[in-house]
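S.K.: So the chains spell out like this:
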Amino acid sequence: MTSIPVPGLAGALESGLKPEEYALIVQRLNREPNAVELGLFSVMWSEHCSYKSSRRHLRAFPTHGKVVIQGPGENAGVVDIGDGQACVFKMESHNHPSFIEPYQGAATGVGGIMRDVFTMGARPIALLNALRFGDPADPRTRRLVSGVVSGIGGYGNCVGVPTVGGEVNFHRGYNGNILVNAMCVGLAQTDRIFYSAAPGPNLPVVYFGSKTGRDGIHGATMASAEFDAESEAKRPTVQVGDPFAEKLLIEATLELMASGAVAAIQDMGAAGLTSSSVEMAGKGGVGLELNLDRVPQREAGMSAYEMMLSESQERMLAILVPGREADAQAIFTRWGLDAAVIGRTTETGRIVLTHGGEVVCDLPLAPLTEDAPLYDRPHTAPVLRPRLDVADLSPPADWGQTLLTLIASPDLASRRWIYEQYDRHVMADSLEESDTGADAAVVRVHGTTKAVALTCDCTPRYVAADPYQGGMQAVAEAWRNLCAVGATPLAITDNLNFGNPEKPEIMGQIVAAIAGMSQACRALDFPVVSGNVSLYNETDGEAIPPTPVVGGVGLLADAARRAGYGRLKPGQSLVLLGESRGEIGASLYLREILGREDGAPPPVDLEAERAAGVLVRDLIGAGLTACVHDLSDGGLAIAAVEMALASRVGLGLAAPEGVSALGYLFGEDQGRYLLACDDVEAVRARAAAAGVACAMVGEAGGERVRAAGLFDLPLDRLREAHESWLPAYMSGAAA
Amino acid sequence: MRAAVVVFPGSNCDRDCQVAITQATGASVDMVWHQETVLPDRLDLVVLPGGFAHGDYLRCGAMAALSPIMGAVRDAAARGVAVAGICNGFQVLCEAGMLPGALLRNRDLKYVCKRVELDVVNAQTRFTAAFKETRTAWMTVGNGEGNYFADEATLDRLEGEGQVVFRYRDNPNGSARDIAGIIDASGNVLGMMPHPDRAFEPALGSADGAKVFQSVLTGLLEAA
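Chains as they are written, first to last, in this note's numbering: chain A, 10 to 744; chain B, 1438 to 1661.
Keep in mind that the hints were calculated from the coordinates and are not lab data.
Note that CB positions come from ideal geometry on N, CA and C, so glycine has one too.
If a hint is listed, it holds; no wrong ones were tucked in.
Label-pair ranges, simulated between beta-carbon atoms:
1. A:339 <-> B:1508: 22 to 32 Å
2. A:249 <-> B:1508: 34 to 44 Å
3. A:264 <-> B:1494: 19 to 29 Å
4. B:1570 <-> A:339: 43 to 53 Å
Counterexamples of contact, computed for chain B against chain A with all Cβ distances above 10 Å:
5. 1464
6. 1499
7. 1554
8. 1566
9. 1604
10. 1614
Let the sequences and hints guide you as you build the complete structure.
M.R.: Structure follows, in structure tokens:
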């Protein structure tokens, strides 16, 4: 190893390691690592790859359940959906790169999460994304929205996987750190799931896909650091995506798997060849020898360090069944992919890399993976805010104008400008998507009458106000959205986005949010099967609002028995399920109309949540309703307007009785649904039996939305307000 | 009826077309890789599907138009086999010179995916006879380059000869004269940007697309 320099402590600090971490490496190796070896440690021990700050707390998540085939720890989670079929899914962030270079950052986020899913043997069938942007008035926001949306579309549309749902928030807290969380859902056979653990020594290791270039070097390290004024200079660490290569890679990988040639497989994502090879060998308890001269390279003269840390996209690493190399090569040739056998597994427990005829790295694998640091960072309990009493707020002078303002506010305005740039229909199984008015996307399981229901949710203003309640609420809302379309919730993936965990108050948010999420997952039988943690979302010391996003997956045994909120019919009665107390703290009304962000968020009652959700599924299954909308941002008034707009049918809400009109219309009490039905008595009877509060709150008809004595607005006017904000903003109008 | 769907690297509606044709007509559908030089025997319909053949690199459809299979597709059309290009397939047919005109970037320079209502301008073609009663159809579009362009003389000729078969009611992409689909002078070759392969049953929001494939089947039965 003569020609590789030893960078020492200074080099370690430069690559993002802490002095004590470097000392630990030297102690474990009993020598100083050379530059290549240090590169491997710096990415494997980065927050992004090692979860060193969060791992201890993530153990609180329930990860088992009767439908769980594979929980966290693999490329994606796997749940059983019956008939020998499995749903494979995961969500992952691409926050840092998307802020620096929005198109490529978002595009490669989509590409990366798809690879996680097809690496497990699943064909990707749906994409969702949870996006957070800064204040619309921030001069950077428009460019970031435009770049991220076209990046997501540019990649997903070309690969041919429909983008069916998602969520978008705007808040000044994301001005310097936008969030781009992409979720992919795939379909596999339960007996054809593929894993990454190398099954034994002396097996050929094959590299296939795109060539390795110098892009994305140290992306994982960048994603584990805060931003400052110099971040622009990190643009070269953002990878460049090629969706056409990804499409070929999907087809080749699935064909290779079907051929029986694959013994283990892993995509090259963050930390590229390093993490894929180390994880495959580490999980399999074997060693690995790779000859880097054989790696397909885009340019001449790449160093071992560059090859090992490159995050060039659309690349896979597989361990083949011995003797099947030629069969594999035929498949790669057919799909026009580069491929090479670059090494073999060994019995040594070490990773040995050669380059230019010389050994450039010889490390024991254990310290890279199992011995990665695990921190119990100090954390302080979040400071909670007192509950707001709606009676202390004066009602708006003009209710109609208030409603128009809210429905056109950045967090509630129509997302049409965004989703019309996404192909939502390719694969011809999208039954409910962004455009059709449903709380969750519904995608048919191809060739069957079953469907999966998909959603992603988080209400950051609740989490900011109370991380524990906010964490619970994120899980509860995902569960509610799945119930609202008639699906049985199965499991979640999560994407935990926070600031710098080395600050006790940020760590306090993380700990409390995870505890709240875990509590909700347990109570709702909604285990966590995969996830991703994105920390250090800070710029110049300013952290993002805590944003633990939940991606929920549910199952509809019969896709024909589903509900949406665009199916309201004139003459139907409107029924509100769930308890209403007029919780106005941390509400959208408070923020958008009064400019206040104080108050405790609405509390989550998991028992009531469960009862209401089970009841709604029962009502949909019994055919008593096909029109359901959960109550969330903006409360009853907004749910009613959204139902009316999506259905193109007006409605009238009854006057509130014995409660404040403000709490009644805009309170955000949890665990509630608005539904339309023909037979109120039958609904009432089932609600009574289930112990769920049930009130008739209005009826459908006409072309206006009314609330007795409060407002009376034509649908067209509401639609105009709802639809015009985002296109006007994106075309340059003032925020 | 016997049909084939050509698969280019980057095609992504190949399976959708296969399922739609089978469901609409009961036909068996062969998938034909672009590097083949012959099509299956006794074929009645060839579909060039949507997607991003060769990544749409260089220019949409430009490389696919030079694929080995395209000679056989051209010969089939000349023999009277129905050839339909949908979305990217329409772009390929234009690049191959089998249909006049070109598909440019959309008017507002963005990809657009939405439901569109179509007027069936000519319901006397082998692809549209089943629309004779309704003369209208709901389908979806999903494209970044769906803006149909041809010179004025060509557009006049297409309209004069009944070669414009589908027109948008609310033009989503700036297409000349609201054109959504055309046929060639022989009537054997159809190109359309909207996706009949995504509108073949009510669960997908519309079953109108099935009529495109059913028209071909009915034509065969009547000729037999």
